[in-house]
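Enquirer: For reference, the chains in residue letters:
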Amino acid sequence: QKEVEQNSGPLSVPEGAIASLNCTYSDRGSQSFFWYRQYSGKSPELIMFIYSNGDKEDGRFTAQLNKASQYVSLLIRDSQPSDSATYLCAGNRGNEKLTFGTGTRLTIIP
Amino acid sequence: EADIYQTPRYLVIGTGKKITLECSQTMGHDKMYWYQQDPGMELHLIHYSYGVNSTEKGDLSSESTVSRIRTEHFPLTLESARPSHTSQYLCASSEFRAGKNIQYFGAGTRLSVL
Chain H
994 QKEVEQNSGP
1004 LSVPEGAIAS
1014 LNCTYSDRGS
1024 QSFFWYRQYS
1034 GKSPELIMFI
1044 YSNGDKEDGR
1054 FTAQLNKASQ
1064 YVSLLIRDSQ
1074 PSDSATYLCA
1084 GNRGNEKLTF
1094 GTGTRLTIIP
Chain L
34 EADIYQTPRY
44 LVIGTGKKIT
54 LECSQTMGHD
64 KMYWYQQDPG
74 MELHLIHYSY
84 GVNSTEKGDL
94 SSESTVSRIR
104 TEHFPLTLES
114 ARPSHTSQYL
124 CASSEFRAGK
134 NIQYFGAGTR
144 LSVL
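One line per chain: the protein sequences are H and L, in this order.
Under the numbering used here, the first residue of the first sequence carries the number 994, and numbering increases by one thereafter.
Under the numbering used here, the first residue of the second sequence carries the number 34, and numbering increases by one thereafter.
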């Protein structure tokens, strides 16, 4: 079992709808989680991170963490074509290293 | 945000050649990382450094080596390139923000070994 698992997709969402990206993790020692967006051929860029149970909102993005279920999600409201990318979930055990999932490819359909 | 520069962006090279992938950051970050990413696959940590003269191997075994003689510079070297080394190599550095280490990535080097 991979430490961080994501549905590889592709996930297709109509423009203006809510995109929901999910991530599960197996290491209960993981303390914080990061969502990166990676456009094709580009490097990952940080969207947001979360370390407390519950929701964290930043603009159109909401990260959700449920430590009991070992589940992290990213919601994108009012999806735009520019949101089309691969979204990477990463976990951290409180040290300096991140463990990445394989990413979910999201396509926003105009 | 960190300014991280990687060169070259693309490299096509023959088997057996020695290559060095350059990575520099201008923010004075102590912690730097090298990842390897194949298409459609996750990023795998191959090397990291907590500061000058500190280097550690990552979770994925790699035949590459790294050095950290200056804070801003973290080059990766392959003594003898092989086709199995064909991949994308991403360099990152991190800063401490909101109690967490936040990693920022360079643009990457796409390496093809023929």
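I should point out that these hints are in silico values taken from the structure, not numbers from a laboratory.
Be aware that a few hints might be false.
[As the list claims (entries may be wrong)] Derived DSS-like pairs (lysine-lysine); straight-line CA-CA distance at most 25 Å:
#1 H/Lys1049 to L/Lys90
#2 L/Lys90 to H/Lys1060
#3 H/Lys1090 to H/Lys1060
#4 H/Lys1060 to L/Lys50
#5 H/Lys1090 to H/Lys1035
#6 H/Lys995 to L/Lys50
#7 L/Lys133 to H/Lys1060
#8 H/Lys995 to L/Lys51
#9 H/Lys1035 to H/Lys1060
#10 H/Lys1060 to H/Lys995
#11 L/Lys90 to L/Lys50
#12 L/Lys64 to L/Lys133
#13 L/Lys90 to L/Lys64
#14 H/Lys1049 to L/Lys50
#15 L/Lys50 to H/Lys1090
Enquirer: Compare the structure with each hint and give your call.
Expert: Results of checking the hints against the structure:
no., hint, verdict
1, H/Lys1049 to L/Lys90, "34 Å, violated"
2, L/Lys90 to H/Lys1060, "29 Å, violated"
3, H/Lys1090 to H/Lys1060, "19 Å, holds"
4, H/Lys1060 to L/Lys50, "47 Å, violated"
5, H/Lys1090 to H/Lys1035, "21 Å, holds"
6, H/Lys995 to L/Lys50, "34 Å, violated"
7, L/Lys133 to H/Lys1060, "18 Å, holds"
8, H/Lys995 to L/Lys51, "33 Å, violated"
9, H/Lys1035 to H/Lys1060, "31 Å, violated"
10, H/Lys1060 to H/Lys995, "17 Å, holds"
11, L/Lys90 to L/Lys50, "22 Å, holds"
12, L/Lys64 to L/Lys133, "13 Å, holds"
13, L/Lys90 to L/Lys64, "14 Å, holds"
14, H/Lys1049 to L/Lys50, "48 Å, violated"
15, L/Lys50 to H/Lys1090, "31 Å, violated"
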